[in-house]
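J.: Okay, here's what each chain looks like letter by letter:
Number of protein chains: 2
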Amino acid sequence: MAPSLEYYEDISSGELPIKAIPTKINGVEAISGLQLDQTDKHDIVLKTFRAFIADLCQQFGGGHPGGAMGMAAIGIALYKYVMKYSPTNAGYFNRDRFVLSNGHTCLFQYLFMHLVGFKSMTMEQLKSYHSDRTDSLAPGHPEIENEGVEVTTGPLGQGVANAVGLAMATKHLGATYNRPGHTVVDNMTWCMIGDACLQEGVGLEAVSLAGHWKLNNLAILYDNNNITCDGSADVACTEDINTKMQACGWNVIDVYDGDHNVTGIVQALLTARISQKPTFINIRTIIGIGSSATNNAKAHGAAFGVQDVAQIKKNFGLDPEKHFEISDDVYSFFDDVKHRGEKLEAAWNTTVEDYEVQYPALAKEFKLRVQGKMPEDWTKFIPSKDQLPSKPTASRKSAGIVCNSLAENASNFLIGTADLTPSVNLAYKQQQDFQSPDFVAACGMTGDYTGRYIHYGIREHAMCAISNGLVAFNKGTFLPVTSTFFMFYIYAAPAVRMGALQGLQQIHIATHDSIGTGEDGPTHQPIALPALYRAMPNLLYIRPCDSEEVAGAFITAIEATSTPSIISLSRQNLTQYPQYSSREGVQRGAYVFIEDSAADVTLIGIGSEMGFTVQTRELLQKEYNINARVVSFPCQRLFEQQSREYKESVLRYKSGKPIVVIEAYAINGWERYADAGISMKSFGKSLPGAVAYKHFGFEPSVMAPKIKGFVDHVKLEGVESLRGDFRDLNGSMSYGLEH
Amino acid sequence: MAPSLEYYEDISSGELPIKAIPTKINGVEAISGLQLDQTDKHDIVLKTFRAFIADLCQQFGGGHPGGAMGMAAIGIALYKYVMKYSPTNAGYFNRDRFVLSNGHTCLFQYLFMHLVGFKSMTMEQLKSYHSDRTDSLAPGHPEIENEGVEVTTGPLGQGVANAVGLAMATKHLGATYNRPGHTVVDNMTWCMIGDACLQEGVGLEAVSLAGHWKLNNLAILYDNNNITCDGSADVACTEDINTKMQACGWNVIDVYDGDHNVTGIVQALLTARISQKPTFINIRTIIGIGSSATNNAKAHGAAFGVQDVAQIKKNFGLDPEKHFEISDDVYSFFDDVKHRGEKLEAAWNTTVEDYEVQYPALAKEFKLRVQGKMPEDWTKFIPSKDQLPSKPTASRKSAGIVCNSLAENASNFLIGTADLTPSVNLAYKQQQDFQSPDFVAACGMTGDYTGRYIHYGIREHAMCAISNGLVAFNKGTFLPVTSTFFMFYIYAAPAVRMGALQGLQQIHIATHDSIGTGEDGPTHQPIALPALYRAMPNLLYIRPCDSEEVAGAFITAIEATSTPSIISLSRQNLTQYPQYSSREGVQRGAYVFIEDSAADVTLIGIGSEMGFTVQTRELLQKEYNINARVVSFPCQRLFEQQSREYKESVLRYKSGKPIVVIEAYAINGWERYADAGISMKSFGKSLPGAVAYKHFGFEPSVMAPKIKGFVDHVKLEGVESLRGDFRDLNGSMSYGLEH
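Chain order of the listed sequences is A and B. UniProt numbering applies: residue 1 is where the first sequence begins, and numbers increase by one. UniProt numbering applies: residue 1 is where the second sequence begins, and numbers increase by one.
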């Protein structure tokens with residue numbers, strides 16, 4: 001679906017007030033051809049808006065006024081003229097998505113939402129910015145939980161990648177469900193950025209992908225005030241950003257007088273709407289305009305002070321004695337927006353109704369997607385235990401077996417990889433790549449926008465940040481899967497975190513975990529990373545020990561509709577334990593793997609190290625006459641959610657027998673459950689996987705005598721003696737027994 | 001010091017074999033003007049090299065052959081002709097630095113090191129690649145511990161930023177210490193990359209900075225084989241990389257036949273040497289050249305198989321029956337390299353000797369820098385306790401007080417910030433920015449290459465990866481300080497980790513920690529991140545509670561010469577405890593803050609939450625007649641290094657009294673030391689800092705009764721009952737008392 005004049009006419013059928021088509025794309029100068037005959041009105045809105053922001057920050061002596069003030073004219077262009085949305089129903093499915101990637105300028109969004117009539121953004125709420133109200137809808141950065149906010153932003157650069165995900169969502173849904181004369185999805189994504197978002201690597205990664213995918217339904221609006229916290233942005237960035245964006249496959253439009261030229265900005269936005277490529281609109285603005293900190297870094301993140309706020313109003317010809325003043329004229333200027341939004345939504349509803357008549361089967365699926373539901377029969381695509389391999393299998397392979405079937409059959413699954421297709425085993429039958437048809441035609445490759453297999457390139461961070469955008473498009477419409485080596489989810493950590501913070505369900509497939517990954521060496525062997533993801537709120541880090549547990553991990557991840565999951569998998573083959581392992585057990589976080597009522601010790605086994613744990617149990621029995629039970633512990637957070645009784649039944653603290661955990665990661669956090677551990681005390685080493693394990697002491701013949709010594713010690717000293725004396729049974733930092 | 005022909009002549013005085021000056025810079029086509037009359041010899045070296053790599057990977061059936069084979073001609077150009085280095089003394093100070101950012105092609109480096117005669121890289125060592133030898137000097141990725149390796153690489157993109165740091169180091173030292181006719185530092189940095197390193201955000205951030213700083217002593221050699229794991233690199237990247245690099249301020253040189261055109265590559269490298277900007281050399285190569293996987297992703301990360309290895313040799317006219325064959329001709333081709341290196345080093349030594357005579361004071365300082373030593377009197381720049389503020393002070397301010405004096409006086413301190421100068425308080429008196437003199441002249445700003453204050457822009461990841469490069473230039477020559485909000489060290493985590501892995505001392509100043517940062521909200525409030533850094537091997541995460549502890553944190557960080565430190569600091573004012581706090585205590589990780597021999601409970605207080613802890617202690621006494629002692633616990637890793645006796649003296653487990661930790665982070669890891677905790681169970685919230693603390697229960701009047709209940713419970717049930725029953729005294733996931 002190439003954009004065209006018709007396309008534009010079509011999207012403007014909801015009576016957007018502007019129908020003029022700009023004549024130049026990619027021009028260096030502002031494009032002319034349209035005059036909005038409302039300059040006077042714009043002027044008073046701009047002044048009112050800016051004075052109000054100054055008041056808001058002055059109220060509690062803090063906040064970010066300068067950027068928002070500078071961006072006022074951009075807001076008029078978007079909220080009054082060009083953006084397709086409905087204040088009455090912020091969630092209307094085919095709305096344009098707006099991302100404020102420079103989230104610290106949130107007052108820009110809040111105040112425009114108030115002016116156009118979003119119900120929740122009352123005057124009282126507006127004024128709760130930086131207050132001590134715990135029910136504020138005006139937090140310091142936009143938060144997805146609140147009406148009219150598409151994604152939570154703040155950590156810079158994330159929003160750019162989120163916007164790419166949102167635009168992909170539209171492209172994919174449009175290509176999949178639109179039919180001639182029945183355009184059910186065709187919204188734009190508008191992404192506002194400041195000077196930082198394209199300094200951040202994640203923004204640059206995403207920009208490269210958007211250009212590659214020719215996401216012409218995406219526009220970045222660059223609030224180019226050229227001021228950052230350290231002063232002129234030039235102090236650290238003097239690149240030619242326009243040329244850089246063009247080199248990445250973007251159209252570029254300059255607007256030089258973006259502090260007031262609403263018409264120019266409107267034209268640029270309309271041009272973006274009919275572009276063949278994503279569009280970068282470089283809008284020069286003036287930070288803190290009207291204040292004494294005009295064009296100064298001081299306008300960025302602090303209130304102006306009482307005097308200066310008064311002076312701002314005087315400069316604007318407003319009454320310095322009045323605060324939070326919005327005249328009826330200003331409100332009435334935006335009067336038409338609500339009605340227009342309702343008409344846009346009604347028009348879309350009609351379109352969908354017609355569509356249901358013409359394409360009932362497709363419409364049924366489409367409505368399920370709109371409702372954000374999994375296909376009802378998804379559970380049948382999860383292999384049963386007896387369909388899973390019984391021979392030693394790498395859990396990354398098991399994950400492929402489980403996920404491929406889901407991917408083939410569930411249209412909401414979007415499988416992605418950071419260039420590790422041959423390693424992560426997620427390519428599935430009849431897989432189609434997500435690609436621009438233009439690209440495919442030019443390169444002789446396959447794929448189009450209906451494709452559900454995404455090559456993110458070697459861009460782990462953008463992959464996960466884009467994935468957040470895909471989910472945020474409409475919760476449940478997509479269940480994206482990302483994939484790379486577990487170690488490289490450290491690159492993606494800021495985005496994984498934002499997914500958890502926002503409750504954006506997705507599945508991160510993290511292969512090659514622990515030191516078992518082998519020869520690639522310490523750079524590729526995660527040691528500390530699990531501590532981050534186990535501590536992260538609203539994230540499930542699941543480390544299954546065999547194929548059955550992998551199935552359990554997927555079921556858990558799919559059922560966690562407001563929580564992202566990381567499924568942590570081995571490179572190497574793992575012994576399968578169909579006699580012990582349980583998908584239901586995974587869902588409870590930990591469970592009894594091998595029971596022994598006469599146990600002297602409980603061993604906690606996890607993921608790729610379960611084999612060693614079971615073997616150690618056998619050796620303890622055979623060589624030392626020590627009975628051990630084994631607990632499988634794939635997910636700490638799920639276990640924490642269990643009842644106290646269940647926990648006791650699994651770990652049997654009351655038995656007074658010690659508990660030893662075996663995992664080739666840093667121990668941090670296991671002290672909650674275990675009395676002693678065999679873990680990693682240093683970074684790893686480049687050795688074949690099995691040799692690496694041996695090198696670091698993960699060998700049953702080495703572990704068994706250590707555990708025996710520990711069990712003997714506990715028998716002698718009593719289990720009470722273990723308090724405050726967690727035993728590291730290997731490594732140089734251990735103390736106690738070995739000393 | 002602008003580069004010039006003289007400059008080039010000067011650096012080539014060590015008898016590099018090439019003196020021709022190329023005539024074109026930034027040309028689109030390969031530059032002509034030089035013919036190396038050794039094409040036949042190159043041909044046999046290329047074939048031998050490629051067959052040998054195939055043998056190496058075949059030996060143990062794994063590894064990364066394809067890229068290294070493709071890059072062979074680049075290696076000849078570098079190692080035989082252009083690079084200034086000495087195989088006899090890999091550490092010679094003024095050597096060119098070589099970074100293999102595409103570290104998986106390590107065999108490229110290992111084999112050339114062998115051919116030119118690096119002592120450690122024997123045939124036996126070469127063949128230990130992917131073996132089970134724990135003393136291998138040929139690990140799966142280059143490791144800094146080994147001779148001839150400047151930085152450990154593997155996680156893609158890092159090397160690009162490391163190389164920027166290495167080039168900055170040269171620029172800074174040159175500008176600071178070189179005098180007319182006495183050039184003591186002027187080496188180049190050559191950075192080899194593959195298709196991934198400029199897809200990764202960290203690479204792109206670093207590239208932008210290198211262009212801004214006009215680091216003309218830096219060249220990127222792009223091994224453009226256009227193949228990644230997923231196939232053609234085009235599948236995810238179709239940008240115009242040359243234009244992009246030019247837009248970032250780089251010269252661009254194309255080499256189209258880089259698989260064999262040694263002369264063309266040499267010319268490009270020489271052109272880079274005299275460029276006014278950093279140079280990007282786009283060299284087209286052929287992955288897996290000669291194999292059946294030529295130009296195929298299969299050549300990337302797997303052995304070719306016995307048959308194909310034989311076929312490769314046949315294709316090259318070599319004997320398929322012979323393995324690991326290197327003829328005398330091939331060795332002798334590199335014969336001159338060693339001798340040349342020795343002469344280069346000798347010439348440098350003479351230069352330094354003359355310099356010592358002419359500039360004795362400067363030379364004394366320079367030699368200290370070469371030896372990697374702090375100024376001897378550094379301790380006198382650390383304020384004593386009575387010089388520190390006694391009124392409530394934000395610990396970020398305390399850090400400024402301690403660090404500014406060091407920065408003013410210690411020439412090895414390089415202070416950097418990711419655009420948070422007004423927030424992190426690290427700007428010091430007479431601070432000079434690190435900037436290109438050209439830029440300064442053009443913009444009317446201040447600074448030059450002697451500057452020791454670095455504006456990294458909003459590029460946290462590149463900041464820390466560049467910092468790694470600065471340290472790696474020569475351990476101890478620089479002690480870089482980076483700074484941003486603690487939360488944004490999650491962006492930098494991959495680089496912070498590489499610093500820890502490589503033992504690269506530096507200080508990361510992480511301000512605005514915990515929920516006390518306030519209104520910016522959950523996006524800016526770290527909860528899980530401390531768990532990562534506390535678990536990370538060879539990293540000190542230090543969270544001081546007042547100015548005295550901040551001084552202790554700096555002393556600790558400065559004395560940890562092979563370990564990076566993160567000093568975690570508050571945005572808000574903190575009560576100062578000169579009567580309790582101790583810099584020596586910080587160095588032991590934890591210490592008794594307030595002793596009470598009759599204590600019913602030990603409270604662990606940390607960093608910004610110490611004030612609440614002390615107040616809670618007072619309230620427990622006053623309201624509930626419960627005696628509490630307080631332990632300050634700024635650093636878990638340092639505490640782990642203490643003796644068992646010391647630990648017991650601090651935490652007094654044997655007293656049988658319970659221990660409660662109070663910290664506004666995820667609890668994970670504290671279970672090792674405490675029996676119960678008041679911590680964060682969710683992400684934070686946008687509220688004024690003090691209100692946020694209150695909202696999440698960090699209020700003495702809320703905490704005291706909870707702790708009282710817990711103490712009562714322990715009295716009743718006995719301390720033994722706490723095993724396996726860690727108490728979360730707040731939050732929805734707690735169990736036990738509250739149920």
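Heads up, a few of these hints could be off.
Identical copies go unnamed one by one, so any copy, or any two together, can satisfy a pair.
[What the hints assert, rightly or not] In silico DSS-like cross-links for lysine-lysine, where the CA-CA straight-line distance does not exceed 25 Å:
(1) LYS681 / LYS647
(2) LYS314 / LYS127
(3) LYS364 / LYS322
(4) LYS338 / LYS41
(5) LYS708 / LYS681
(6) LYS685 / LYS715
(7) LYS654 / LYS715
(8) LYS647 / LYS715
(9) LYS127 / LYS338
(10) LYS385 / LYS708
(11) LYS127 / LYS47
(12) LYS654 / LYS343
(13) LYS397 / LYS47
(14) LYS322 / LYS41
(15) LYS367 / LYS681
(16) LYS685 / LYS475
(17) LYS314 / LYS373
(18) LYS373 / LYS622
(19) LYS298 / LYS429
(20) LYS397 / LYS298
(21) LYS475 / LYS119
(22) LYS119 / LYS47
(23) LYS314 / LYS654
(24) LYS685 / LYS127
(25) LYS380 / LYS314
Simulated from the structure, these hints should not be mistaken for laboratory data.
J.: Could you run down the list of hints and mark each one as holding or not?
T.: Here is what the structure says about each hint:
1. LYS681 / LYS647: between (28 Å within a copy, 19 Å between copies)
2. LYS314 / LYS127: within (22 Å within a copy, 79 Å between copies)
3. LYS364 / LYS322: neither (55 Å within a copy, 66 Å between copies)
4. LYS338 / LYS41: Close inside one copy (18 Å), not across copies (77 Å); limit 25 Å.
5. LYS708 / LYS681: Classified as within; 21 Å inside a copy, 36 Å across copies.
6. LYS685 / LYS715: neither (36 Å within a copy, 47 Å between copies)
7. LYS654 / LYS715: Both ways: LYS654 and LYS715 sit 15 Å apart in one copy and 18 Å across, limit 25 Å.
8. LYS647 / LYS715: both (23 Å within a copy, 24 Å between copies)
9. LYS127 / LYS338: Within one copy only: 22 Å inside a chain, 73 Å across chains, cut-off 25 Å.
10. LYS385 / LYS708: Neither. Shortest intra-copy (34 Å) and inter-copy (50 Å) distances fail the 25 Å Cα cut-off.
11. LYS127 / LYS47: within (18 Å within a copy, 73 Å between copies)
12. LYS654 / LYS343: Answer is neither: 66 Å inside a copy and 74 Å across each miss the 25 Å cutoff.
13. LYS397 / LYS47: So LYS397 and LYS47 fail the 25 Å test inside a copy (61 Å) and across (37 Å) alike.
14. LYS322 / LYS41: within (20 Å within a copy, 85 Å between copies)
15. LYS367 / LYS681: neither (52 Å within a copy, 36 Å between copies)
16. LYS685 / LYS475: between (42 Å within a copy, 22 Å between copies)
17. LYS314 / LYS373: So LYS314 and LYS373 fail the 25 Å test inside a copy (54 Å) and across (59 Å) alike.
18. LYS373 / LYS622: Answer is neither; intra-copy 52 Å and inter-copy 56 Å both fail.
19. LYS298 / LYS429: between (57 Å within a copy, 20 Å between copies)
20. LYS397 / LYS298: between (55 Å within a copy, 19 Å between copies)
21. LYS475 / LYS119: within (22 Å within a copy, 60 Å between copies)
22. LYS119 / LYS47: Within one copy, since 24 Å is at most 25 Å while 73 Å is not.
23. LYS314 / LYS654: Neither, since 74 Å and 70 Å both go past 25 Å.
24. LYS685 / LYS127: Between copies only: 17 Å across chains, 56 Å inside a chain, cut-off 25 Å.
25. LYS380 / LYS314: Neither: 69 Å inside a chain and 53 Å across chains, both beyond 25 Å.
When each numbered hint is compared with the structure, violations occur for hints 3, 6, 10, 12, 13, 15, 17, 18, 23 and 25.
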